[in-house]
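Mind assembling these two chains? They're in different frames, but the hints should get you there.
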Amino acid sequence: MTRSQWMTELKKYLITLSHEDLERAVEYYNEIYEDKNEAGIPEKEIIYQFGNPRDAAKKILDDFAGVVPESVVAIQNESFQTNVDMQQQVHEQVQPQLVQQPQFEQSQPQQQVQPQSQSAHTPKRGGIPIWVIILITVCITLFIGPIIGLVATVFALFVTVWALVGTLFAVAGSLILAGLVGTGYSIYTLTLNAPVGLAQLGMSLAALGLGILLLIVAVIVLRLWIKANIVLLKLLVRFVTFGRVKIKIFKDKVCCSSCSEQQANSNQGGQQ
Amino acid sequence: MDIQLKKGLLEICVLASLEKEESYGYKIIDDVTHYIDINESTLYPILKRLEQNGALTTRSQEHNGRLRKYYQITEVGRESLLQNIRDLEQVNRIYQQITGRRGAGI
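Protein chains in written order, with my numbering: chain S, 1 to 272; chain Z, 1 to 106.
One or more of the hints may lead you astray.
Here are the computed lysine-lysine pairs in the DSS-like style, where the Cα-Cα straight-line distance is at most 30 Å [as the list claims (entries may be wrong)]: (1) S:K11 / Z:K6; (2) S:K234 / S:K253; (3) Z:K20 / Z:K48; (4) Z:K20 / Z:K6; (5) S:K248 / S:K58; (6) S:K58 / Z:K69; (7) Z:K48 / Z:K6; (8) Z:K20 / S:K11; (9) S:K227 / S:K253; (10) S:K44 / Z:K48; (11) Z:K20 / S:K248; (12) Z:K6 / Z:K69; (13) S:K253 / Z:K6; (14) S:K44 / Z:K6; (15) Z:K69 / S:K12; (16) Z:K20 / S:K12; (17) S:K227 / S:K251; (18) S:K11 / S:K58; (19) Z:K6 / S:K246; (20) S:K12 / S:K58; (21) S:K251 / Z:K6; (22) Z:K20 / Z:K69; (23) S:K58 / S:K253; (24) S:K58 / S:K44; (25) Z:K69 / S:K11; (26) S:K234 / S:K246; (27) S:K44 / Z:K69; (28) S:K58 / S:K251; (29) Z:K48 / S:K11; (30) S:K251 / S:K234; (31) Z:K27 / Z:K69; (32) S:K58 / Z:K6; (33) S:K234 / S:K248; (34) Z:K48 / Z:K69; (35) Z:K20 / S:K44; (36) S:K58 / Z:K48; (37) Z:K6 / S:K12.
Now the stretches of chain Z that chain S is said to cover, found in silico as 3 or more residues with beta-carbon under 8 Å [claimed, not checked]: (38) 18 to 24; (39) 40 to 50; (40) 63 to 76.
Calculated directly from the structure, the hints in this document are not laboratory data. A virtual CB, placed ideally from N, CA and C, is assigned to each residue, including glycine.
So here's chain Z without its partners, still in its complex pose (with noise of 0.2 Å):
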C-alpha cells in the first residue's frame, strides 16, 4: 500500500480503536492489526502525532507492579475521526465507481 495512504489510515484506525474506550499501547496493536498491517514501531509516531495534535490524552496507572499508559480520545480527536470517515466514504463512492465501470466497460 502507498505509504503515504498507510499513515494516513493508520491514525484513523488508532482513533477509532479509541473511540469507544480508553486503551493502552499493546492492545491497540493488538485491535488494529486484524485489518491493518501496523506494529510498535509505526504506533509510535502516530500515538506521538495525535497527543500533540490534541486528538488524545494520556494517563498512567499502575498495573501488575509497573507502570502502562493509558490513551483516551478526545473531543478534538472525535471530530477529526468523523471527517475521516465521512472522507472515507467518498473514497468508497469513487472505489465502487471505478471498479464498477470497469466491470462493465470490459
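For reference, chain S alone in the conformation it holds in the complex (with noise of 0.2 Å):
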C-alpha cells in the first residue's frame, strides 16, 4: 500500500467524523510520516508501521465514543479518597480524565476487537458482537421455514407410528372378537347345519387364532416402541442441553476478550 493509498482509506473509515477532526487525524499521520521519511525510513517500512488504516481508525473513533469502564471510575473513586493535600482539586479534575482510557489494543489484521460490556457511560449488547447479531438474525429468518417443517415432519411420524400400533392392537382386538362371536355363532349353526357350521367353526376358529397371534404381535411391538420413545426422548434432552452448552462456549469465545477484559478490570478494581 502506497502512503496516498493509506491516507485514502483512512479517510475513509473516519468518514463519521466532523471535518475539522478528520482532518486533524490525517495531518497528525501526514507529519508523522514525513518526519520518518526524514529519518530515512522508506514508504514501505512507513506504512508497514502505521499498520491497518482499519484499526488506526478504530483507535481515533472508539477514542471519540469515549467508553469509560467501571472499574476505571472505581479508580478513579479510589484516587479521590488517597489525596489530601492541595493539589487534589486540580487532580480531580485532571487524573480521573486521564485514568479514563478506551480500552482496545492495536489489534492484528485478522483479529476481532470486541466492545466491553460493562460500560459506564455506553451500554453495550451484553459483549456479543453486532456481526453475530446480524448472522443469527438473518439465518432464523432464512432457516425458519424449513426448521418447523422438519419439526413438524418428525413430529407427524411419531404420531403415524403411534397410530400403526394402535392399528395393530385394533386390528387385533376385532379379528379376536370376530372370532370370538363367529365361533359362537359357529357352534349354534353346527347344530342345524353340521357342515356349514363346521366350516364356519374352523374360519371364526382360524380368526381368533390370527386376533390372538396379532396381539401377541402387536404387544411386542408396543414395548419396542416404547423403548424407542424412551431413548429418542433422552437424545432429545442430551441435544438441547448439548446445544445450550455450544451456545454458551461459542458466547465465550467470541466474546472471549471483552470478558477476559472484564475479569481483569475487575481485577484491577479489587486491587486498587
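In C-alpha cells:
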C-alpha cells in the first residue's frame, strides 16, 4: 500500500467524524510520515509501521466514543480518597480523565476487537458483537420455514407410528372379537347344518387364532416402540442441553477478549 | 500487559517526555518506545486526551516547508505527572513486597 492509498483508506474509515476532526487526524499521520521519511525510513516500512488503516481509524473513533469501563470509574473514586493535599482540586479535574482510557489494544489484521459490556456511559449488548446478531437473525429468517417443516415432519412421523401401533391392536382386537362371536355363532349353526357350521367354526377359530397372534405381535411392537420413545426422548434432552452448552461456549469464545478484559478490570478494581 | 494499565502508563510516559522540553509526534514516539511499546496509533488518542484535559498545549511551527505540531506540558500536566510518579512509587513498593515475599516463602 502506498502512502496516499493508506491516507485515503484512513479518510474512508473516519468518514463519520467531523471535517475538522478528520483533517486533524490526517494531518497527524502525514506529519509523522514526513518525520519518519526525513529520518530515512522508506515508504513501505513507514506504512508497515502505521499498520492497518482500519485499526488506526478504530482507535481514533473509539476515543471519540469515550467509553469508560466501570473499573476505571472505581479507580477514580479510589484516588479521590487517597489524595489529601491542596493539589487535590487540580487532580480531581485532571486525574479522572487521565486514567480514563478507551480499552482497545491495536489489533492484528485478522483479530476482531470486541466492545466491553461493563460500560458506564455506553450500554452495549452484553458482549455479543453485532455481526453475530446479524448472522443469527439472517439464519433464523432464512431457515425458519424449513425448520418448522422439519419439526412438523418428525412430529407427524411419531404420531403415525403410534397410530400404526394402535391400529395393530385394533385389528387384533377385532379379529379376536370376530373370532369369538363367530365361534359362538358357528356352534349354533353346527346344530342346524353340520358342514356349514363346521366351516364357520373353522373360520372363526382361525380368525380368533390370528387375532391372538396379532395381539402378541402388537404387544411386542408396543414394548419396543415405548423403549424407542424413551431412548429418543433422552437423546432429545441431551441434544438440547448440549446445544445450550455449545451456545454458551460459542458466546464465550466470541466474547473472549471482552470477557477477559472484564475479569481483568474487576480484578484491578478489587486490588485498587 | 493489561490494556488499562498500559494506557495509563503511556500517558505518564508521554507527559514525562514533555517535561523537560517541548516535543513533536515522531520524537515522542522515538523517546518513549525505548521503554514501552508505543506507535502513532496509540499515541494519537493520548495526545488528544491530554490536550482536552489541559495537561498540554500545542502550537504549529514550520519545518522544512511543512507544518509540524509541537506539544508543551502545562502546570496541570506537571501536577498530574507528579501524582502519577508517586503512584508508581507505591506500585514499586507493592512489587518489592510481593516478589520479596515470594522469594523468601518458597
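Hint check results:
A hinted pair counts as satisfied when its Cα atoms are at most 30 Å apart, and K11 of chain S with K6 of chain Z qualifies at roughly 27 Å. Restraint check: the Cα-Cα separation between K234 of chain S and K253 of chain S comes to about 28 Å, which is no more than 30 Å; the hinted pair holds. With a C-alpha separation of about 20 Å, the suggested pairing of K20 of chain Z with K48 of chain Z holds against the 30 Å cut-off. Using a Cα cut-off of 30 Å, the hinted pair K20 of chain Z and K6 of chain Z holds, with the two alpha carbons roughly 23 Å apart.
Restraint check for K248 of chain S and K58 of chain S: the C-alpha separation of about 28 Å stays at or below 30 Å, so the hint holds. Between K58 of chain S and K69 of chain Z the CA atoms are separated by roughly 23 Å; this keeps the pair inside 30 Å, and the hint holds. Distance check on the hinted pair: K48 of chain Z and K6 of chain Z sit about 17 Å apart at the alpha-carbon level, within 30 Å; holds. Restraint check: the Cα-Cα separation between K20 of chain Z and K11 of chain S comes to about 35 Å, which exceeds 30 Å; the hinted pair is violated.
For a cut-off of 30 Å, the pair hint linking K227 of chain S to K253 of chain S is broken: about 38 Å separates their Cα positions. The hinted pair formed by K44 of chain S and K48 of chain Z meets the criterion: a straight-line CA distance of about 27 Å does not exceed 30 Å. Pair hint K20 of chain Z plus K248 of chain S does not hold up; C-alpha atoms about 53 Å apart against a cutoff of 30 Å. Of the pairs offered as hints, the one joining K6 of chain Z and K69 of chain Z holds, with about 25 Å between alpha carbons and a cut-off of 30 Å not exceeded.
For the given pair, K253 of chain S sits about 24 Å from K6 of chain Z by alpha-carbon distance, which is consistent with the 30 Å threshold. Straight-line distance between C-alpha atoms of K44 of chain S and K6 of chain Z comes to about 28 Å, which keeps the hinted pair within the 30 Å bound. With a C-alpha separation of about 24 Å, the suggested pairing of K69 of chain Z with K12 of chain S holds against the 30 Å cut-off. Between K20 of chain Z and K12 of chain S the alpha-carbon distance is near 38 Å, which puts this suggested pair outside the 30 Å criterion.
Distance hint between K227 of chain S and K251 of chain S is unfulfilled; the C-alpha atoms sit about 36 Å from each other, more than 30 Å. A C-alpha spacing of about 12 Å is found between K11 of chain S and K58 of chain S, which places the hinted pair at or below 30 Å, so the restraint holds. Distance check on the hinted pair: K6 of chain Z and K246 of chain S sit about 34 Å apart at the alpha-carbon level, beyond 30 Å; violated. Annotation: proposed proximity of K12 of chain S to K58 of chain S holds, straight-line Cα distance about 12 Å (limit 30 Å).
As the CA atoms of K251 of chain S and K6 of chain Z are separated by approximately 27 Å, the hinted pair is consistent with the 30 Å bound. A distance of roughly 17 Å separates the Cα atoms of K20 of chain Z and K69 of chain Z; the hinted pair therefore holds under the 30 Å criterion. The suggested pairing of K58 of chain S with K253 of chain S holds, with an alpha-carbon distance near 22 Å, which does not exceed 30 Å. About 22 Å separates the Cα atoms of K58 of chain S and K44 of chain S, which keeps this hinted pair within 30 Å; it holds.
Simply put, K69 of chain Z and K11 of chain S have alpha-carbon atoms about 20 Å apart, close enough for the 30 Å limit, and the pair holds. About 18 Å separates the Cα atoms of K234 of chain S and K246 of chain S, which keeps this hinted pair within 30 Å; it holds. With a C-alpha separation of about 24 Å, the suggested pairing of K44 of chain S with K69 of chain Z holds against the 30 Å cut-off. Between K58 of chain S and K251 of chain S the alpha-carbon distance is near 23 Å, which keeps this suggested pair within the 30 Å criterion.
Among the hinted pairs, K48 of chain Z with K11 of chain S is consistent with the structure: their alpha-carbon atoms are about 18 Å apart, no more than 30 Å. Between the alpha carbons of K251 of chain S and K234 of chain S the distance comes to roughly 26 Å, so the proposed pair stays at or under 30 Å and holds. Between K27 of chain Z and K69 of chain Z the alpha-carbon distance is near 11 Å, which keeps this suggested pair within the 30 Å criterion. About 18 Å separates the Cα atoms of K58 of chain S and K6 of chain Z, which keeps this hinted pair within 30 Å; it holds.
Simply put, K234 of chain S and K248 of chain S have alpha-carbon atoms about 21 Å apart, close enough for the 30 Å limit, and the pair holds. Taking the CA atoms of K48 of chain Z and K69 of chain Z, the gap is about 12 Å. The hint holds against a cut of 30 Å. A hinted pair counts as satisfied when its Cα atoms are at most 30 Å apart, and K20 of chain Z with K44 of chain S does not qualify at roughly 33 Å. Restraint check for K58 of chain S and K48 of chain Z: satisfied, since their Cα atoms lie roughly 15 Å apart, inside the 30 Å limit.
Between K6 of chain Z and K12 of chain S, the direct Cα distance comes to roughly 29 Å. Compliance with the 30 Å bound is thereby established for this hinted pair. Here's how the region 18 to 24 of chain Z fares: 1 of its residues keep a CB closer than 8 Å to some CB of chain S, so the rule of at least three is not met and the hint is violated. Under a criterion of three residues with beta carbons nearer than 8 Å to beta carbons of chain S, the stated coverage of the region 40 to 50 of chain Z is upheld, 8 such residues being counted. Judged by the Cβ-Cβ criterion of 8 Å, the region 63 to 76 of chain Z is covered by chain S as claimed, because 6 of its residues qualify and three suffice.
Checked against the numbered hints given earlier, the structure breaks hints 8, 9, 11, 16, 17, 19, 35, 38 and satisfies all the rest.
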